[in-house]
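**Q** As a plain string of letters, each chain reads:
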Amino acid sequence: MRLLQVDRLSKHFGGVTAVNEVIFEIRQGEIVGLIGPNGAGKTTVFNLISGLLHPSQGRIYFGGKDITGLRPHQKSLLGIGRTFQIVRPFDGMTVLENVMVPTLVRHRNPQKAREMARGVLRDVGLDAFCEANPQNLPYAYRKRLEVARALATEPKLLLLDEVLAGLNSREVSEALPLIHRIRERGVTIFMIEHIMTALMSVSDRVLVLEQGELIAEGTPKEVTENPRVIKAYLGENVSIG
Amino acid sequence: MKQRHLLMALAAGLLVLPIFYSAPYFLHLVIMIFFYIALTEAWNILALCGKVSLGHAAFFGLAAYTSAILCIKKGVTPWIGLFPALLVTFIGAAALAIPLLRLRGPMFTLASIAFAEVLRRVAMVWRDLTAGAEGLTIPFVPGWQNLTFTTKIPYYYIFLILAAGSVYIVHRLYYSATGHHLRAIASDEEAAQALGINTQKTQLIALFWSAGITGLLGVFYTQYVYMIEPEWAFSSALFCLQPALNGIIGGLGTVWGPVIGSVLMTPLGEYLRSYLGALQQGLNFFVYGLVLIGVVMVLPGGIVSPLLSLFKRWTPSKAPALDQGGKVR
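As they're listed, the protein sequences go chains X and B. To convert, take the position in the first sequence, counting from 1, and add 233; that gives the working numbering. To convert, take the position in the second sequence, counting from 1, and add 949; that gives the working numbering.
Check each hint, because a few of them may be wrong.
Dumping the calculated DSS-like pairs for lysine-lysine here, alpha-carbon to alpha-carbon at most 30 angstroms [what the hints assert, rightly or not]:
1. B:K951 x X:K345
2. X:K389 x X:K298
3. X:K345 x B:K1150
4. X:K464 x X:K454
5. B:K1101 x B:K1022
6. X:K298 x B:K1150
7. B:K1150 x X:K389
8. X:K389 x X:K464
These are calculated hints, taken from the structure and not from any lab test.
Go ahead and model the full structure; you've got the sequences and the hints to work with.
**A** Here it is as structure tokens:
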């Protein structure tokens, strides 16, 4: 079943075309990777899907419904969750309160919302740090908090923007099972990632973006063997490992 | 629970205070403290979502003028007059909603200053309604109906209720869903939106609570001083800068910061006005500025932040604090 459908999506910033007539779809239950060189427009695609930016052209369908013009909070309520590349925990709030911010959207009762938030923190392995100040957490844990917050919106589709970037190899190998667990609960995952080995081990399909255009699509193996991809992206800077 | 007992003791003490000591000057000072606690808490509601307004005199003045004019020209009791007063305040709040939702940071603050200033000018020029700079005087008819009294004691209790009510409202709001969302918006509006918060609606809720309480204070405070004129009703020093100063010094966007700020700054203000004001007009503001700079430099979170951690140590909460101050790793 198609969960997300993107139809000829474009975004222009003045004279610059960040995303150009991109077409793709994501099926329920998939883990799809989105790769591309720096400045390829990956985060812009996420911003368009999550509603922080309005597309210049094209339509976005979610669960068969046209959601192109909706505002970010409306898309979140429909079931599109996202993380940000640069982790931005809410300051002045504890780890638990950070996760309560999204659970309080669907559950106005603070008691219930607190229970929900604790549950999410348990799932990502941060339950020992409920009362901690997020600024004091190590970077890998702040990344997890970012994922926890997005999960707490109870998404059907989760957009992960480089959640593995900046982690060491041990931290990456700890984070990968988390991504699988999220999928096992029925959450479809669309993730931007630079670490190819990690991406290849988790994703069913990979989309490749270059200068705003979709240049390849397929299994991780197909994509890495695609000459156009090698030329555009992997050829100049292969990051295997 | 220790905290609750402390609050109850404080409430009991405040309730019986005028029985033991009711010198008019002393009562006036306490009334002013109550007034500023309520005004600062009201201002603080908008500060919860990170919006610093320096135009709250607009809400104060709109409500004050509406109820005063109805009282003077039509003989409407302020108890009834406060409803149209609140309506006019909310219309004013709707106007300030436009810059609130469109402008960021200092730009909103500037727009709010202009907003109050425009209304002050209108009140000056619209002589048929406001008598301009001459001002209007509330008829002195002692009693609860007109809310004018021969002693200060009834006003002590009125403002005690207003102050306690404002603290209670902010306390409830702070720990509610809306309160969490306001604090999230203050920190990162885009992240808040992506997590499903209707940031526009949430900020409007804060604006209307903030404006409503400020308006209510305008109605009661005008009856307390018996008169109203534009320079006073729309005074930026009294009703824009003072609550902002109390809030920042006490602790911006916290429940108890405005209380602490008002309790400290109101007596200081009265003292400086009577002693330094006689020496040189405006010298009191100079000292105010020094206090503000000192607090912001030494305690950026306001005076409330070290007090709170002291209080927490004194009354240990159920959940153990895991890493207060230290790194977890």
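**Q** Take the C-alpha atoms of K951 of chain B and K345 of chain X, compute the straight-line distance between them, and say whether it is at most 30 angstroms.
**A** 26 angstroms, holds
**Q** Are the Cα positions of K1101 of chain B and K1022 of chain B separated by 30 angstroms at most?
**A** With Cα atoms ~25 angstroms apart, K1101 of chain B and K1022 of chain B stay inside 30 angstroms; holds.
**Q** With a cut-off of 30 angstroms on the C-alpha distance, tell me whether K464 of chain X and K454 of chain X pass.
**A** 16 angstroms, holds
**Q** Has the given pair, K389 of chain X with K298 of chain X, been kept, meaning a C-alpha gap of at most 30 angstroms?
**A** 14 angstroms, holds
**Q** Would you mind confirming whether the straight-line C-alpha gap from K1150 of chain B to K389 of chain X stays at or under 30 angstroms?
**A** With Cα atoms ~25 angstroms apart, K1150 of chain B and K389 of chain X stay inside 30 angstroms; holds.
**Q** Would the hint linking K345 of chain X and K1150 of chain B be met if the CA-CA limit is 30 angstroms?
**A** Holds, at roughly 23 angstroms.
**Q** Does the structure keep K389 of chain X and K464 of chain X at a Cα separation of 30 angstroms or less?
**A** Violated, at roughly 35 angstroms.
**Q** Are the Cα atoms of K298 of chain X and K1150 of chain B separated by 30 angstroms or less?
**A** 24 angstroms, holds
Comparing the model with each numbered hint stated earlier shows that hint 8 is the single one that does not hold.
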